[in-house]
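Peer 1: One letter stands for each residue in the lines below.
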Amino acid sequence: MHITELIKQGKFVITCEIDSPKGVNHEDFLDKVDMVKESVDAVCVGDNLRAVMRCAPLAMCHLLQERAVEPVMQMNTRDRNRLAIQSDLLAAATLGVENIVVTTGYDVSLGDHREAVSVNDLDTAAIIRAAREMNEGRDLAGHTLEGASNFCIGVLTSLAPKSEPAGMERLEREVAEGALFIITQPVYQPDVLEKFMESASRLKLPVIVGHAMLKSASMASFLNSNVPDIHVPDGIIRQMEGHTREDLIKVSQQITIEFIKKVKPMCQGVHLIPMGWERYVSNIIEAL
Amino acid sequence: MPTSSEVEKILVVSSQNELAELAQQAMGTSFEVIRAQDQQEGLEKARKEFPEVIILGHLEPQGTTFNLHRRLREGWITRNIPLLVVDIDTADRSRRALTMEEGLQMEADQYISLVGEDGQALSRLAEPIIRLRERVGKHLKERLNTFKEAVLDPDIFCVTWEQVAGRGAFEMQQEEIIENAMKAARRKKVHAVSVTDNPGGNPAISTEMLCTEIKKLGIEPLVHLAFRDKNRNECESLLFGLAALGVRNILMLTGDYPSRAGFKGQPKPVFDLDSVQGLQLVDLMNRGIDYEMAGRRVTLAPTDFFAGACISPFKQHESELLGQYYKLRKKIEAGAQFIITQLGYDMRKFHEILMWLKSSGNNVPVLANIYVLPYGAGKVMNANQIPGAVVTDKLLQDIDAERKAEDKGREARYLRAAKMYAVAKGMGFAGAHIGGHGLAYETLEYIIEKGEELDARWREFIPEFDYPQKSGFYLFKKDEKTGLNTREEASRQEKPSRPGIVLLSRIAHSLIFEPKSPLFKCLKPMARLIDRSPRLKPAFTYLEHLGKVILFNCMNCGDCALFDVGYLCPVSQCPKNQRNGPCGGSYNGWCEVYPNERLCIWVKAYRRLKAMGKEEEIGGNMVPPCNWELWETSSWLNFYMGRDHLAAKTGIARESCPEKGQDK
Ligand code: SF4
Numbered sequence: 054m055h056i057t058e059l060i061k062q063g064k065f066v067i068t069c070e071i072d073s074p075k076g077v078n079h080e081d082f083l084d085k086v087d088m089v090k091e092s093v094d095a096v097c098v099g100d101n102l103r104a105v106m107r108c109a110p111l112a113m114c115h116l117l118q119e120r121a122v123e124p125v126m127q128m129n130t131r132d133r134n135r136l137a138i139q140s141d142l143l144a145a146a147t148l149g150v151e152n153i154v155v156t157t158g159y160d161v162s163l164g165d166h167r168e169a170v171s172v173n174d175l176d177t178a179a180i181i182r183a184a185r186e187m188n189e190g191r192d193l194a195g196h197t198l199e200g201a202s203n204f205c206i207g208v209l210t211s212l213a214p215k216s217e218p219a220g221m222e223r224l225e226r227e228v229a230e231g232a233l234f235i236i237t238q239p240v241y242q243p244d245v246l247e248k249f250m251e252s253a254s255r256l257k258l259p260v261i262v263g264h265a266m267l268k269s270a271s272m273a274s275f276l277n278s279n280v281p282d283i284h285v286p287d288g289i290i291r292q293m294e295g296h297t298r299e300d301l302i303k304v305s306q307q308i309t310i311e312f313i314k315k316v317k318p319m320c321q322g323v324h325l326i327p328m329g330w331e332r333y334v335s336n337i338i339e340a341l
Numbered sequence: 009m010p011t012s013s014e015v016e017k018i019l020v021v022s023s024q025n026e027l028a029e030l031a032q033q034a035m036g037t038s039f040e041v042i043r044a045q046d047q048q049e050g051l052e053k054a055r056k057e058f059p060e061v062i063i064l065g066h067l068e069p070q071g072t073t074f075n076l077h078r079r080l081r082e083g084w085i086t087r088n089i090p091l092l093v094v095d096i097d098t099a100d101r102s103r104r105a106l107t108m109e110e111g112l113q114m115e116a117d118q119y120i121s122l123v124g125e126d127g128q129a130l131s132r133l134a135e136p137i138i139r140l141r142e143r144v145g146k147h148l149k150e151r152l153n154t155f156k157e158a159v160l161d162p163d164i165f166c167v168t169w170e171q172v173a174g175r176g177a178f179e180m181q182q183e184e185i186i187e188n189a190m191k192a193a194r195r196k197k198v199h200a201v202s203v204t205d206n207p208g209g210n211p212a213i214s215t216e217m218l219c220t221e222i223k224k225l226g227i228e229p230l231v232h233l234a235f236r237d238k239n240r241n242e243c244e245s246l247l248f249g250l251a252a253l254g255v256r257n258i259l260m261l262t263g264d265y266p267s268r269a270g271f272k273g274q275p276k277p278v279f280d281l282d283s284v285q286g287l288q289l290v291d292l293m294n295r296g297i298d299y300e301m302a303g304r305r306v307t308l309a310p311t312d313f314f315a316g317a318c319i320s321p322f323k324q325h326e327s328e329l330l331g332q333y334y335k336l337r338k339k340i341e342a343g344a345q346f347i348i349t350q351l352g353y354d355m356r357k358f359h360e361i362l363m364w365l366k367s368s369g370n371n372v373p374v375l376a377n378i379y380v381l382p383y384g385a386g387k388v389m390n391a392n393q394i395p396g397a398v399v400t401d402k403l404l405q406d407i408d409a410e411r412k413a414e415d416k417g418r419e420a421r422y423l424r425a426a427k428m429y430a431v432a433k434g435m436g437f438a439g440a441h442i443g444g445h446g447l448a449y450e451t452l453e454y455i456i457e458k459g460e461e462l463d464a465r466w467r468e469f470i471p472e473f474d475y476p477q478k479s480g481f482y483l484f485k486k487d488e489k490t491g492l493n494t495r496e497e498a499s500r501q502e503k504p505s506r507p508g509i510v511l512l513s514r515i516a517h518s519l520i521f522e523p524k525s526p527l528f529k530c531l532k533p534m535a536r537l538i539d540r541s542p543r544l545k546p547a548f549t550y551l552e553h554l555g556k557v558i559l560f561n562c563m564n565c566g567d568c569a570l571f572d573v574g575y576l577c578p579v580s581q582c583p584k585n586q587r588n589g590p591c592g593g594s595y596n597g598w599c600e601v602y603p604n605e606r607l608c609i610w611v612k613a614y615r616r617l618k619a620m621g622k623e624e625e626i627g628g629n630m631v632p633p634c635n636w637e638l639w640e641t642s643s644w645l646n647f648y649m650g651r652d653h654l655a656a657k658t659g660i661a662r663e664s665c666p667e668k669g670q671d672k
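So the protein lines, in turn, are chains A and B. Residues in the first sequence are numbered from 54 upward in steps of one, following the working numbering. Residues in the second sequence are numbered from 9 upward in steps of one, following the working numbering.
Keep in mind that the hints were calculated from the coordinates and are not lab data. For glycine and all other residues, C-beta sits at the position ideal for the given N, C-alpha and C. Mixed in with the good hints, there may be bad ones.
[Unchecked claim] DSSO-like mimics (lysine-lysine), calculated; alpha carbons at most 27 Å apart, straight line:
| id | chain 1 | residue 1 | chain 2 | residue 2 |
| --- | --- | --- | --- | --- |
| 1 | B | LYS146 | A | LYS303 |
| 2 | B | LYS387 | B | LYS532 |
| 3 | B | LYS196 | A | LYS303 |
| 4 | B | LYS191 | A | LYS303 |
[Said to hold, decoys possible] Restraint ranges, calculated between C-beta atoms of paired labels, are given here:
| id | chain 1 | residue 1 | chain 2 | residue 2 | range |
| --- | --- | --- | --- | --- | --- |
| 5 | A | GLY149 | B | LYS197 | 54 to 60 Å |
| 6 | B | ALA464 | A | GLU247 | 47 to 53 Å |
| 7 | B | GLU26 | A | VAL170 | 32 to 38 Å |
| 8 | B | ALA464 | A | GLY295 | 30 to 36 Å |
| 9 | A | GLU311 | B | ALA420 | 40 to 46 Å |
| 10 | A | GLU311 | B | TYR454 | 30 to 36 Å |
| 11 | B | ASN371 | A | GLU311 | 55 to 61 Å |
| 12 | A | GLY295 | B | GLU468 | 54 to 60 Å |
[Stated by the list, open to error] Anything over 10 Å on all C-beta distances counts as not near chain B; from chain A, calculated:
| id | residue |
| --- | --- |
| 13 | ASP81 |
| 14 | LEU163 |
| 15 | ALA169 |
| 16 | ASN188 |
| 17 | ALA194 |
| 18 | THR197 |
| 19 | PRO259 |
| 20 | GLU299 |
| 21 | LYS317 |
| 22 | ILE338 |
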C-alpha cells in the first residue's frame, strides 16, 4: 500500500531501512526482514547507500514484495543519468514497486569508490517530475509511454541547522514537482524537528522523521564529526558511555524509544534505521 | 597484563606526527609515547611493548587503520589493550582515520574526533588535549582491576560474593552463577564474584572458565585456585591462560581433601604445591619468569595477578592456631596481597587476625568471611563435616530457636549477616567475603545495605557474636570492656611433647648434616664415593630407605623434609603433603582427613619444636616444593651432593647425579 494511503488511514507509519547486500548473498537481508516485518509498515532499501556500491535496491524490493512486505525504494541523483533513472523507474513500476524516495546521495568521497564520477544529470526535483510524468503516461521528453505508472513519491530531506535555509527552498521545489511525503535525515533532538515542522507546515505534506539507532558513543561522535547533516547532542553521547555491551544495547533502545515517544504527536511517522540492530526493532515498536 | 615498568606506555600508530605530539602533551611525562608509522610497525610494537593504551590515527592507504584496529582486537596478546581511534583533522577528508562504513561499525567507545565545530583541526589549541586526556584516562580506568582498587583503598569496604561451582556442564547451578554475576555487574555493589574450585573436593565445572565468562559480563572475577587437583605445571598453565584472558584475581587455597564422589573412586590427591609456594609462583610470574632454554635466556612478559590467601583463626588449640599464623606470615612473605578468612562466627577471633597483623608489623588487607547460615548447613558444620568451618553448639541452638519464627528464621539469618558486616567494617576489615547457599542477589544487597546502616552501631553487636570454642585458645587476652582482644598476648600453656626424639634427631642432624661439623667433612667424601659407585649406591639407598621407613614411615621422596617439620615426614603423615605449615582443615587438633584418629602433623611438630623453644622456626622457614627429580633416590646422598632443597640453606655445592645424563 502507498505510504500516503497508510497516512490517510490515520496510521502512525513506521518504515525501517535495511541495507541492501554488498554481494550476491541475500539471506542475511531476508533474515533481517523477518525480524522486523511484523512490527513495521514498510521496509526501505537505500540506493548505493552512503556511496558504498551495493546490490541495486529494486532486486531487494522485489524480494520484499514476494514476502508480502511493502517496499520503499530509494533513488539517488548521483549514480544515473536521465535515461537510466527513467528506465529503472519503469522497471520498478513493472514489478509493482511504487513507493519511491528521492535523494541526492552522499558524496562519493565518503564511500568505497572514491574515484567514481558523480552524475547528477537530474536533481531531486527533476526525478520527482519524471516519476509524476510517468504516472500520467509520459516520459521527461514528453513521449507517450505504453501505460502509466502509479508511483507514490517521497523525498529525503535534511533538517540540520546548517543546511536548513537552502533545504526549505529545495523542498518547496520538490513539492511543486509532485513529492507527496517527506522523510527526514536522522534526527536526535525533538526541538529541531519541532522547528522544522513549523516551517514546513505550509507545505501540508506528511512528515516521517528519520532516526538511526546509535550503537555506541563512538559511533555517535563519528556521526557528528563525519556526517554533515547529523547532530547527536552531547547529553545522549554521555548517556551511552561506559556501559557493558549488554547494557549499551538497552540504553540505545531506550534512547530511540524516548525519542519516538516525544516526536510522535508532531509528525506522521518514523523512519527507523537500525544500523544492523534489526533484532531490537520489535522491542522498540512494542514499547511505543 | 604486564605492568612492571614504572613509566606507563602509550602507543600511537599514525602517519600524522601531530597525533603523537598531541598524545604526549595530553598525558604528560609520566607516560612514554611510543610511535609507529605503519601497520606492521604498529602491530610489532603493540605486541612487544604492552602499552597501556593504543591510539590509532590515519594510516595510508585508507582502510588500514580499521584493519589494524581489527587485528589488534583479535590478536591474542593485544586483545585486552584499550584502543582508541582518533581523528585530528577532517578538513582534508582523505586524512581521516576511518571511512564512513568503518566509522559506523565501531560498536564500542573506541572513536574520538578532536575536530572543531567548523571542521578545522584544533591540534594547536588546548581543547583537544583535554579531550584526549579525558578519553585516554577513561580507557586506563577500564583496565584497572576494580577489585584490587577496592581492596587496597582504605575508604572502600570491598564486597566479594562467593559462588559455588557445581558438577555438570548445563545445570541450573551454573546458570545461576552467571545470572548472579550479571546482576552484580549491573548493580555495582559487589567488587568481585568468586567461584570455588571443585568445592569439598568434588568434581565441578572449572572456576577458571566460569570466571573468564564472568569477566566478560563486566565484573571482576576471583578465581579460587586449590592445589588439591593440579600440579605445578597445571597451575602455571592455567595462570597463563587466565592472564591472557584478563582474569587477574586469584585466591590460593590448599583445598579440601578429595571426596569419594570422584569417577570410579576417590581421585589421586595432588598437593604438589602448597599455598605459600603457589603465591611464590604467582609472584615470579608477575615479575616475569626468566629461564634458560637451549643455552638462551628467555624472559616471559610479566603477568598482572592480584593474589591472596586464606587464614583460619577458628582453631581450638594453641598449636593449631599458631600453625595458622606462622603459615600466614609465610604467605605474606611469599607475596599474598590480600587475605580472606575461613568462615566462623566468633568476633573475637576475627578481631584476633587484625591484632596479629598489627603486632607482627604486617599490613595486608583482610576480608571477613560472612556466611549466611541456615539451620541445615549449621548442623553439618557443627558436626565438623565441612573442614575448617566452625559452628559451635551455642550458635546452633540460637539458630534452632530462630527457625521457630514464622519466616523460619530468614529475617534473623539475614540480620546476623548484616551485623557481621557492620562489625567487620567497624573493626577495620578491608571488606567482606559473603556467601550462602542459594543466596539471591536481592538478599545480598539487603545485607550490604543493612550492614551499612548498622555500621555506626557495630560495637553494640559484638556480644551477639560471642561463640568461643570449648576451652578455645586466643592469641591475645580478652578485653572485657569491648568483648574483643587486648594487645597483651595470652600465655601459651599447651604442653610441649617430651623432647626425646626431636632432641636426639637434632643432635644427630647437627653432627651429620651440618657442613661445619667435623663429621660432615669425613662423611662428604664417603657420600661422593657411594654416589659414584654403581654397586654401592643401590644398596645404600635401600638401607637408608629401610631405616627411615621404620623411624619415619619414609616414602622415598628423595627431597627430605624431616628437618622442616620437627622430624615428621609430611609425605607419609600429612595427607596433603604440607611442607610450610598446616592446611586450614584441622579440627580439635586432629587431621582433617583422619579426625579423632591422627593428630595433624603440624600440631605434633609445634609441640616438638616448642619443647626446644624453636616453634617460631615454622614461620621462618620457607620450604620449596618437593623436587620430583629426586623421587626414589637417596635423600642423604642428595643432601651431601647438594641436590635437595636444603642446599640453598647449607650452601653445599651441587654435584651431578652420574646416572642421570641430562643432569649437568
Ligand atoms: S596433617 Fe594437618 S596439614 Fe596435613 S592434611 Fe592433616 S590437617 Fe592438614
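Peer 1: Take the hints in turn and mark each one as holding or not.
Peer 2: Hints, one by one, checked against the model:
With a C-alpha separation of about 22 Å, the suggested pairing of LYS146/B with LYS303/A holds against the 27 Å cut-off. The suggested pairing of LYS387/B with LYS532/B is violated, with an alpha-carbon distance near 58 Å, which exceeds 27 Å. Between LYS196/B and LYS303/A, the direct Cα distance comes to roughly 17 Å. Compliance with the 27 Å bound is thereby established for this hinted pair. Proximity of LYS191/B to LYS303/A is assessed by CA-CA distance (about 15 Å); at most 27 Å being required, the pair is judged to hold.
At roughly 58 Å, the beta-carbon separation of GLY149/A and LYS197/B lies within the given 54 to 60 Å, and the hint holds. At about 52 Å, the CB distance of ALA464/B to GLU247/A agrees with the hint of 47 to 53 Å. Taking 32 to 38 Å as the suggested C-beta distance range, the pair GLU26/B and VAL170/A conforms, at roughly 33 Å. Taken as a hint, the range 30 to 36 Å holds for the pair ALA464/B and GLY295/A, whose Cβ atoms sit roughly 32 Å apart.
GLU311/A and ALA420/B have their C-beta atoms about 44 Å apart, which keeps the hinted 40 to 46 Å range intact. Between GLU311/A and TYR454/B the beta carbons are some 32 Å apart, a value that agrees with the proposed interval 30 to 36 Å. The beta-carbon spacing between ASN371/B and GLU311/A, approximately 50 Å, falls outside the hinted interval of 55 to 61 Å. For GLY295/A and GLU468/B, the hinted distance range of 54 to 60 Å is not satisfied, since their beta carbons lie about 40 Å from each other.
With a closest Cβ-Cβ approach of about 15 Å to chain B, ASP81/A is found to remain outside the 10 Å limit, as its non-interface label requires. Interface exclusion of LEU163/A from chain B breaks down, the closest Cβ pair being 5 Å apart, not more than 10 Å. The beta carbon of ALA169/A sits about 14 Å from the closest Cβ of chain B, which is more than 10 Å, so the claim that it is off the interface holds. The Cβ of ASN188/A sits about 34 Å from the closest Cβ of chain B, beyond the 10 Å cut-off, so the non-interface label holds.
With a least beta-carbon separation of about 36 Å from chain B, ALA194/A lies farther than 10 Å from that chain, consistent with its non-interface assignment. Listed as outside the interface, THR197/A is consistent with that label: its C-beta sits roughly 42 Å from the nearest C-beta of chain B, beyond the 10 Å cut-off. With a least CB separation of 28 Å from chain B, PRO259/A remains clear of the 10 Å interface cut-off, as annotated. Chain B draws GLU299/A into its interface by the beta-carbon criterion, the shortest separation being 8 Å against a cut-off of 10 Å.
Listed as outside the interface, LYS317/A is consistent with that label: its C-beta sits roughly 26 Å from the nearest C-beta of chain B, beyond the 10 Å cut-off. Every CB of chain B is more than 10 Å from the CB of ILE338/A (nearest about 22 Å), matching its label as outside the interface.
The structure does not agree with the numbered hints 2, 11, 12, 14 and 20 stated previously, though it agrees with the rest.
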